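Colleague: In case you want the letters, here they are:
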Amino acid sequence: MSGRQRLGAADVDAFIVGLTLLGSGGGGEAEAYRHTLRAALGEGGIELGDPAEFGDAPVVAIGMLGGTRMLTEKLPGGQEIHRAVAALTRWTGVAPAAVMALEAAGLNGTLAAASAAQLGLPLLDADLMGRAMPRMDHTSRAVAGGPVTPFAMSEPSGQTLLVDAATPYGLERIARAFVAQSGGWAGTAMAPMPASEVVTDACLGSLGRALRLGRAHRELPSKSAPERVAAALGGQLLGVGRAADISRQPSTPFGRASITVLSGSDTGSDTRGGTRGGTGSGPVLRLEAENEYLLVLRDGVPVASCPDLICALDRRTATPIAVDSLRPGDDLIVVVLPGPPWWRASPERLRHVDPRAFGLGCDAVLLPEPSGAAQGLPA
Amino acid sequence: MTDGITLAALLDHPDWAEVELLAGPRRADPAIRGVLAVPDVLADPTGLAGQLLAVVLTAPRADWHLDALLHRADAGGAAAVLLPGTAPLQPASRELAERIGLPVLGAPDPLAAMLAATRLIHEPDRVVADLVTRTAATCADAGQGTDALVADLGRLWRRPVWLLDAAGQVVAGPDRAGPLPGNGDGPGDGTGGGLLERPLGARALGARLAAAVPPGVPGEVAAITAALGVAAESVGQRLAEQRLTVERDARLRMALLAEIAQSGGELSSGARRRAIDAGWQIEGWHVGIRIDVPGAVDPVAIRPEVLRAVATAHLRAVVVEQGSGWGAWSTFDHAPSPAQLQRHASAARRAQWLLRSSLPTSMGVGRAHHGVPGLIRTLSEAGDAARLATGRSTSGHYVHVDRMGLGQMLLAWTRTDTFLPAARSLLEPLHGQPGELLLTLTAFLDAESSLTETAAVLGVHRNTVAARISRVRELLAVDLADPDERLALHLACRSVVFHQ
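So the sequence lines, in the order shown, correspond to chains G and P. According to our numbering, the first sequence holds residues 1 to 379 in order. According to our numbering, the second sequence holds residues 1 to 500 in order.
These aren't lab readings, by the way, just hints derived from the structure by calculation. Any given hint could be a false lead.
Examples of chain P residues lying across from chain G (beta carbon under 8 Å, computed) [what the hints assert, rightly or not]:
id, residue
1, A62
2, W64
3, H65
4, A68
5, L70
6, H71
7, P91
8, E95
9, R99
10, I100
11, E266
12, L267
13, S269
14, G383
Selected chain P positions facing chain G (in silico; Cβ < 10 Å) [stated by the list, open to error]:
id, residue
15, D74
16, A75
17, A255
18, L420
Label pairs and their in silico Cβ distance ranges [claimed, not checked]:
id, chain 1, residue 1, chain 2, residue 2, range
19, P, D40, G, R228, 27 to 33 Å
20, G, T72, P, D40, 39 to 45 Å
21, G, T319, P, P45, 41 to 47 Å
22, G, Q181, P, P45, 26 to 32 Å
The structure presented is a predicted model; accordingly, all values stated were derived computationally and were not measured. Where is the CB? At the ideal position from N, CA and C, for every residue including glycine.
So here's chain G without its partners, still in its complex pose (with noise of 0.2 Å):
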């Protein structure tokens, strides 16, 4: 971390962007919060708070859960997450010191920020996931052992269920039936955790890394190289070319979609034309994807997968462009960044949320090791 981080009102636009691309293809629309956010941080706005300087204090992990798109149909009352903290202070008796981003991505992570504001807490510069992920289960937290319950959700008509106890698979079972079951969505309190294991037990610095990442997208120019937006970004290049096709499946929990991306010809990144002479256009590329990018194949080859953020940006303007805002016919750029280094520290880490976790049988294809303190951002 260089330095602690001021989010203000003027940064919400790239704020938001950062978001959108640790989303990784989720993490939930998170556009229609601009002003909510721009609202709550008010003139001065707020510090990214670094959890080392906040020993023991209890923090909280706040959010959403359930379907981002049911956010439209199911308006929030804007008190959701205010009851689900309230809820989860009468049980524990413990008032949080300060919140954090459940999941510091799109939807969560602009809800999280507008939400300190207004609940007058310091924001942690850090968060459970690093980007997004579909499931509870999936958080830092419950992978390095520690309790996710006692686990508050607040729906937008009001009722509320606090969980303890759970297991992360079980918390998420119930989560996810509690939504159903109700408003199709919650605002969620997770269990305070003390700032110390905060540290060893969260993705640390990611709201700051979406705001840098928002600003690098920011100063690109209109119609950038693709090669341009990968550097800018940090990442790497996957290949350029059209949406030639999205077949959905309905085969898992979430749904399955494979995008197929046709390059008119090489991209020069990859000069293998086959052996034995095929078309002669540019590579192949498949996405495959959940709510998230979660593999890229070239040629039938994988060469990038999650924990790894893979987004599909829109060619002209380099816009992040959600799994399920994907139509054939899109002209993208698809590149990779690399992922949360939470996840890849150990392979114990790295089991719960690389492809087999997600049924895709195929290891983690992941960028190599960032190297400074920078996250793989140009300084």
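Given the coordinates of chain G, assemble chain P onto it according to the supplied hints.
Modeller: For chain P alone, kept in the frame of chain G given last:
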């Protein structure tokens, strides 16, 4: 078998009829040197070079592992990939296959397709033995006739099979579009193929059994070549048997008709019995038809063509080989009405017209007569008419006795090319003599040997006529009192005068 079989040849083989090309370039035609089977798309086999990689259990099209398998197959140099089922590939897999130029096939039964390919590539001897055995069984079991056998062979070999005559015309087998490929018309890759032929040998000179087999699968070419040998023998034997039966039947018919003709109307009970056995109705009213052909044509061999023409013209008639042609007759239960006769005549004319397109036939039709004597009579009338018809190109070499009257017919007969030379030689002595001897003789005979009448007709003196007739008697050395000689002379005169 180091060269293997090209993919196109395999796809063309009947054993692979259900295999489809799901993706990959059509133009690529890799040689397949072997088959490597794996259970599913997760497999990572080695030694793929030149092999057909067959996934025999499952290959879900949505699974990205399929793409990875295609990549591994391509990297290992596999010739093609065979998947279970003919469901289409997902676009990503299809595009990948196109890009790397790897043919991807689908088969409802990949195991069977794989085994068939293995057999064709590695065990051509077994393919040969199998086909020869089954061909021998088919030859033994097939139904009557060569057509049935040729059709059965076509079904067994799953290739078009023809029986060709010496000129290469199809005698039996499917209609063919365009000319047959000549032997060795294949791409000349040494695998043979094209039109495989096998002569039937001495029993049917020039005839041969042929099968169109695309080159490319040496096993199949060898198998069908060997099977052709077995089948040709059987077809030749069948042809010989068929010919024998035909000849025997023809001989029976001819003998029976000859017996009827010589019976003079009184048939023996044996002959009557045989006529019934032959399906001939000898009672009732008969209308005879005679079809003449030049002597070079074999009436026994060509009879089927006549029967075909007769049937096509809707002419119900019994056809019997007779000399250099056929005698035929239609039988009516009651005396035929003029309308019936009219229809019959039209049908006969149409049959003649049909025959004439391939054979130089001439047809004569007799009048309706009753009973066995009537049959003999109408056939004889038809015979006379047919002889006339030979010289009558303007009527399509068709003469109907009813149309001309008997006298007319006889007279017409004297004007034929056969009679005229005889008439000329008979009257030759009168040629060049002074005094219009030929005209005088003709007028004399026309006038019933009356000198006065003749003189009046010719406008000369009676004594002149008498003198000329006596000179004719001397020159020709004929006795004009003899009715036979008179008649012959009269006809000859008419004929020669007519032609002058």
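Colleague: Does each hint fit the structure? Answer for all of them.
Modeller: Right, here's what the structure says about each hint:
1. Because the beta carbon of P/A62 sits about 5 Å from the nearest beta carbon in chain G, less than 8 Å, this interface hint is met.
2. For P/W64, the interface hint holds, since its Cβ comes within 8 Å of a Cβ in chain G; the closest pair sits about 5 Å apart.
3. Checking P/H65 against chain G by beta carbon gives a least distance of about 7 Å; that is within 8 Å, so the hint holds.
4. At about 5 Å, the closest approach between the beta carbon of P/A68 and any beta carbon in chain G falls short of 8 Å, and the interface hint on this residue holds.
5. The closest approach between the C-beta of P/L70 and any C-beta of chain G is roughly 5 Å, which is under the 8 Å cut-off, so the hint is satisfied.
6. Evaluation of the P/H71 hint against chain G yields a held restraint, the C-beta minimum of about 3 Å falling below 8 Å.
7. About 4 Å separates the beta-carbon of P/P91 from the nearest beta-carbon of chain G, less than 8 Å, and the hint is met.
8. With a cut of 8 Å, the hint placing P/E95 at the interface with chain G holds, because the nearest CB-to-CB distance is about 5 Å.
9. The interface hint given for P/R99 holds, since its Cβ lies 4 Å from the closest Cβ of chain G, which is under the 8 Å cut-off.
10. This hint holds: P/I100 has a C-beta 3 Å from the nearest C-beta of chain G, less than the 8 Å allowed.
11. At about 90 Å, the closest approach between the beta carbon of P/E266 and any beta carbon in chain G exceeds 8 Å, and the interface hint on this residue is violated.
12. Among the interface hints, the one on P/L267 is violated; its C-beta lies about 84 Å from the nearest C-beta in chain G, farther than the 8 Å criterion.
13. The beta carbon of P/S269 comes no nearer than 86 Å to any beta carbon in chain G, farther than 8 Å, and the hint placing it at the interface is violated.
14. For P/G383, the suggested interface contact is broken, since its CB lies about 78 Å from the closest CB of chain G, more than 8 Å.
15. Proximity of P/D74 to chain G holds as hinted, the smallest CB-CB distance being about 6 Å (cut-off 10 Å).
16. With its C-beta approaching chain G no nearer than about 7 Å, P/A75 sits inside the 10 Å limit, and its interface hint holds.
17. With 10 Å as the threshold, the beta carbon of P/A255 stays out of range of chain G, its nearest partner Cβ sitting at about 75 Å, so the hint is violated.
18. The restraint placing P/L420 at the interface with chain G is violated, with a minimum CB-CB distance near 84 Å, outside the 10 Å limit.
19. Between P/D40 and G/R228 the beta carbon distance is about 42 Å. The supplied range of 27 to 33 Å is therefore violated.
20. Between G/T72 and P/D40 the Cβ separation comes to about 42 Å, which falls inside the hinted range of 39 to 45 Å.
21. The supplied range of 41 to 47 Å is met by G/T319 and P/P45, whose beta-carbon atoms lie about 44 Å from each other.
22. For G/Q181 and P/P45, the hinted distance range of 26 to 32 Å is not satisfied, since their beta carbons lie about 49 Å from each other.
Hints 11, 12, 13, 14, 17, 18, 19 and 22 from the list above are not met by this structure, while the remaining hints are.
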